[in-house]
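Trainee: Chains as they are written, first to last, in our numbering: chain A, 672 to 786; chain B, 188 to 302.
What the hints contain is simulated information worked out from the structure, not anything from laboratory work.
Even for Gly, the Cβ is constructed at its ideal location relative to N, Cα and C.
Mixed in with the good hints, there may be bad ones.
[What the hints assert, rightly or not] Within a straight-line C-alpha distance of at most 27 Å, the following computed BS3-like cross-link-like pairs (lysine-lysine) qualify:
1) B/LYS248 / B/LYS236
2) B/LYS255 / B/LYS236
3) A/LYS728 / A/LYS713
4) B/LYS236 / A/LYS728
5) B/LYS255 / A/LYS713
6) A/LYS713 / A/LYS754
7) A/LYS728 / A/LYS754
8) A/LYS713 / B/LYS248
9) B/LYS236 / A/LYS713
10) A/LYS728 / A/LYS749
11) A/LYS749 / A/LYS713
[Stated by the list, open to error] Coverage of chain B stretches by chain A, computed from C-beta distances (three or more under 8 Å per stretch; other residues unrestricted):
12) 226–238
13) 285–292
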Amino acid sequence: EPEVTQTPSHQVTQMGQEVILRCVPISNHLYFYWYRQILGQKVEFLVSFYNNEISEKSEIFDDQFSVERPDGSNFTLKIRSTKLEDSAMYFCASSEARAPNSPLHFGNGTRLTVT
Amino acid sequence: AQSVTQPDIHITVSEGASLELRCNYSYGATPYLFWYVQSPGQGLQLLLKYFSGDTLVQGIKGFEAEFKRSQSSFNLRKPSVHWSDAAEYFCAVGQLTGTASKLTFGTGTRLQVTL
Numbered sequence: 672e673p674e675v676t677q678t679p680s681h682q683v684t685q686m687g688q689e690v691i692l693r694c695v696p697i698s699n700h701l702y703f704y705w706y707r708q709i710l711g712q713k714v715e716f717l718v719s720f721y722n723n724e725i726s727e728k729s730e731i732f733d734d735q736f737s738v739e740r741p742d743g744s745n746f747t748l749k750i751r752s753t754k755l756e757d758s759a760m761y762f763c764a765s766s767e768a769r770a771p772n773s774p775l776h777f778g779n780g781t782r783l784t785v786t
Numbered sequence: 188a189q190s191v192t193q194p195d196i197h198i199t200v201s202e203g204a205s206l207e208l209r210c211n212y213s214y215g216a217t218p219y220l221f222w223y224v225q226s227p228g229q230g231l232q233l234l235l236k237y238f239s240g241d242t243l244v245q246g247i248k249g250f251e252a253e254f255k256r257s258q259s260s261f262n263l264r265k266p267s268v269h270w271s272d273a274a275e276y277f278c279a280v281g282q283l284t285g286t287a288s289k290l291t292f293g294t295g296t297r298l299q300v301t302l
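Let the hints inform the model, and build the full structure from the sequences given.
Mentor: Structure below.
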């Protein structure tokens with residue numbers, strides 16, 4: 672079964688550094704998402720992306736965050752200047768159609784640790 | 188705003204025993220409801236979903252859930268738990284927004300299975 676892949680599985684960075692989290696969504700999917708889960712807390716929506724633009728973003732997704740689909744396969748989340756509170760598991764997801772008619776498929780996540 | 192409550196943070200059951208995980212939602216319209224499972228170090232896997240129709244839905248791995256509008260609940264059940272079911276379970280409600288959608292998750296229930 673096709674799956675969403677995320678790299679790296681674990682990223683350690685120093686506060687103030689830029690990080691790029693990478694995702695390869697399922698090939699025929701059109702809708703892309705980033706969620707995050709701070710340790711011990713619930714999974715939170717960050718951003719949705721469709722037709723090469725942001726569809727919706729949460730309050731968490733401030734100017735430090737950006738997303739991009741640089742080619743036909745990758746979907747990236749960039750954090751320009753990381754803060755300690757950005758430490759979390761970041762999940763990429765994709766769906767074939769406008770969910771919830773088409774459920775989200777999640778990757779295994781990237782654990783970001785900001786020191 | 189929509190919200191999801193999972194009252195039980197941690198549940199322990201014996202292998203072979205039955206399981207029920209509780210989920211209550213708050214949503215103004217007909218909800219789109221999901222259960223996801225997260226095994227250690229893994230991403231979120233969809234167990235089952237409810238959009239409309241039969242209020243008892245069947246999912247993968249022998250799980251089922253019942254939608255009860257009067258109680259605003261969508262509890263997950265399994266007649267006989269296996270040790271491999273130990274994981275964290277998340278209930279979520281979906282919302283169509285703009286050109287995409289988003290999921291609002293509960294805080295999760297961690298299931299421990301004793302042999």
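Trainee: Regarding the pair A/LYS749 and A/LYS713, is the alpha-carbon distance no greater than 27 Å?
Mentor: With Cα atoms ~21 Å apart, A/LYS749 and A/LYS713 stay inside 27 Å; holds.
Trainee: What's the verdict on B/LYS255 and B/LYS236, does the C-alpha distance respect the 27 Å limit or exceed it?
Mentor: At roughly 14 Å apart (the allowed maximum being 27 Å), B/LYS236 and B/LYS255 satisfy the hint.
Trainee: Hinted pair, alpha-carbon criterion (27 Å max): B/LYS248, B/LYS236. Please report holds or violated.
Mentor: Holds - the C-alpha atoms of B/LYS236 and B/LYS248 are around 14 Å apart, at most 27 Å.
Trainee: With a cut-off of 8 Å between beta carbons, are at least three residues of the region 226–238 of chain B near chain A?
Mentor: holds (count 8)
Trainee: Do the alpha carbons of A/LYS713 and A/LYS754 lie within 27 Å of each other, as the hint requires?
Mentor: Holds, at roughly 19 Å.
Trainee: Does A/LYS749 lie within 27 Å of A/LYS728 when you go C-alpha to C-alpha?
Mentor: holds, 14 Å
Trainee: Starting from A/LYS713, check that the Cα of B/LYS248 is at most 27 Å away, please.
Mentor: Status holds; Cα separation ~23 Å.
Trainee: In terms of beta carbon proximity below 8 Å, does the region 285–292 of chain B have 3 or more residues touching chain A?
Mentor: Per the Cβ count (8), the hint holds.
Trainee: With a cut-off of 27 Å on the C-alpha distance, tell me whether B/LYS255 and A/LYS713 pass.
Mentor: holds, 24 Å
Trainee: Within a Cα-Cα threshold of 27 Å, do A/LYS728 and A/LYS713 meet the stated pairing?
Mentor: holds, 17 Å
Trainee: Against the 27 Å threshold, does the CA-CA distance of B/LYS236 and A/LYS713 hold or violate the hint?
Mentor: holds, 19 Å
Trainee: A/LYS728 and A/LYS754 were given as a pair; does the straight-line alpha-carbon distance stay at or below 27 Å?
Mentor: With a Cα-Cα distance of about 19 Å, the restraint between A/LYS728 and A/LYS754 holds, given a limit of 27 Å.
Taken one by one, the earlier hints all hold for this structure without exception.
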